[in-house]
Amino acid sequence: MSAIRIRTERYVEEARRGIADPVLRRALSGLQERFGRGTAEAYRRLPEGPGLRQTAHAIREKAIAHLDILLERLARRIRENGGEVFFAATAEEAVGYCAGIARRLGVKLAVKGKSMVTEEIALNPALAAHGVEVVETDLGEYIIQLAGETPSHIIAPAIHKTRNEIADLFAQHLGIPRTTDPPRLTHAARRALREKFLAADMGISGVNLACAETGHISTVSNEGNIRMATTLPRVHVAFMGMERIVARLDEYEIILRLLCRGASVQDIGTYVSFIGGPRRPGESDGPEEFHLVVVDNGRSRMLADPRFREMLCCIRCAACLNVCPVYGRIGGHAYGFAYSGPVGAVVTPLLTGIRRGRDLCLGETLCGACKDACSMDIDLPRMLLELRAILAEGDPGWGVEPSGGLERQAWKLWEGLVSRPALYERALQAGAVLQRLLPRTPAGWIRRLPPPFSGWTKSRDFPPVAAEPFRRRFAKRRKEADRG
Amino acid sequence: MAEHREETLFFQTLRRALGHPPNAARPAGDLFPAEPSAEERRLLALVSGRSEQEREEFVSRLAAAARPLHLEVQALEDLAAARDAVLRLVAEKSPEWGGEKQLVAWSHPLIESLGLAEPLARQGIPLHLTRPVDSALDAAAADEERRRQRSRIAASFIGITAADFCLAETATVVLRNRPGEPRSVALLPSIHVALVPRSRILADMKELFALLRWEERFRTEGLSNYLSFISGPSKTADIEATMVHGAHGPREMVVFLVPG
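Going line by line, the protein sequences match chains A and B.
Residue numbers for the first sequence follow my numbering, beginning at 1 and rising by one.
Residue numbers for the second sequence follow my numbering, beginning at 485 and rising by one.
Hints may be right or wrong, so weigh each one.
What the hints assert, rightly or not - Covered stretches of chain A, going by a simulated chain B footprint (3 or more residues, C-beta under 8 Å): (1) 29 to 35; (2) 86 to 98; (3) 249 to 263; (4) 268 to 280; (5) 340 to 348; (6) 351 to 360.
Since the hints were derived computationally from the structure, they do not count as laboratory data.
Remember, predicted model here, so these are calculated numbers, not experimental data.
For each residue, glycine too, the CB sits at the ideal point set by N, CA and C.
Please model the complete structure; the sequences and the hints are all you need to start from.
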């Protein structure tokens, strides 16, 4: 079972490892090549045009502003239909509720559809501790579960595995002759997982989006594994982040279309299922119990902070991963938690601690590609900046102390210099002399600064002080122009 | 009850985060309108006033959308042609998991009117109809009946359903859940055959949702407890981004458009 730990402190180390991995780099650039461009094109082809993303943003903002009303309505409708709803403030409560069901029903085997929120709350290890075998059934998730790893992409979790590695895994775990042929590998997994589906006592899924008005949750998949997991076992437990809801079906329709385009450049996923409750009298399949677990786990803190409320509009389509230059080079594992890429760089610090996740938001480039790709038009760069501001200035609400003395002192010094022209000029002159001691590139840039500034030049060069300062050059040229 | 305490706290936190008094449930206001919007009225009029010719255009749109999804669409003259098309599939395809050929179909008037039972019986091929579970049965007997039905569905290589709607834009078959119409018929067999009456082809999801929200005939049942959109056979691209059909659900899917 893949234990989910928070490893955000190891960002730099893991990022380095990702960059050094040629297989990962190739896989990621292939993914970004296909999906990154395809998504932009898919938005353009929308009948309403790419502006539908702004409409969707407004729908999501409205839903978030009325979250209490929408969740009450959803819960009431599901209960009327014979389902149960549990509201969990923390990961522990959510996991404990599910473990309680497993214990009551004597569940031995659970089949699970891909769900990021269950990664976030570390459901699998908790159920394993209760003696429940949890089988991931999305092919990509199944592969990494066999390998004992964690997902490296929200939609393509096994993007970092080659067919050769998968061939070895399947030969070892499924007892099949070694093959690197994707159709044959897929078929081997199909056969093995079909047995699990038919034998399982519990099906576990996430929720892509709920509709409050009708009282349904919905799931989207291409493989059909979620349909299996929500149809065959006697109990279905669905987990949703509390923000994954809209008020009405017509609003749902817009979000779903953008979700499918953002996630995988499709007009629609192969299977979209709307689940409103358990099996009804007379029906021969479907679970006899349906439970929905609505998870807060730190989301209400984001909701309460106007700087970060916008992040709750996110539907985890992962379009931002497919365009991010940083994600494209370091891969998903560096982000050290369930969520990777730009969405991870904002959500993970907010959910698990800003100080702990500082490298995630410092690592992004602020290039803005994520905002352009976001199916919900979320301003991720703005929130990355807000996080950086909190890291520098501190924020008692988020438990962050102002950053250490050195950087602060350096900027103070800088402030003092630039606001005194005479002093500034003298400092420049001194710099022009001192920089002669420093190693240069062929183009004349400074290759290495002395400590404590050496970090800056670790991966880039520094421009030297000009032989003739701009202010002097400017004055001279104006004089020439006046004469001429 | 412990659950209630947690729920109360959850909503208190939520309302506080939203800047509202923590203990007062807020009114829904106009979040859930009781009347269709102007746009929805337009859609409803569009659907109800649709001509035969416009519907015919949908057939080609549907076929075009289906092609890249590996979804086969056959427009059939009448029920006899649909029956023959099913029998052809039975003859041409072989069971994926071994064993003898068996079919499963919903106990649905449209499917039963195909008259498949007799020609299949002549070939010695079992056709299972998924009857609703009798409410007079006690719990153990009902469980037994469900188990029996499931093992028949799992043993069948072709599953036949009748769609509530079909969306031309995305080549989507829409199934609602009812007794006698188990969803696993469209899931466990290797080949899913969906019958679609031509009058049930809509342009897109917008039209469907307008009907399900406001049209009296469809509104009562609403989305049912399990509404499915199925757009083609099951697929995955999780191994080095290579597309493979038949991940967990059916590896082939056929839509038969029939009159009605």
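Now the hints, each set against the structure:
As drawn, the segment 29 to 35 of chain A meets chain B at 3 residues by the rule of a beta-carbon pair under 8 Å; at three or more, the given contact holds. Interface restraint, the segment 86 to 98 of chain A with chain B: holds (5 residues with C-beta to C-beta distance below 8 Å; minimum three). Check on the segment 249 to 263 of chain A: 6 of its residues sit with their Cβ under 8 Å from a Cβ of chain B, so the three-residue criterion for coverage holds. Chain B is given as covering the segment 268 to 280 of chain A, and this holds because 13 residues of the stretch bring a CB closer than 8 Å to a CB of that chain, at least three being needed.
Here's how the segment 340 to 348 of chain A fares: 0 of its residues keep a CB closer than 8 Å to some CB of chain B, so the rule of at least three is not met and the hint is violated. Requiring three or more residues with a Cβ within less than 8 Å of a Cβ of chain B, the coverage given for the segment 351 to 360 of chain A is violated, as only 0 such residues are present.
Comparing the model with each numbered hint stated earlier shows that hints 5 and 6 do not hold.
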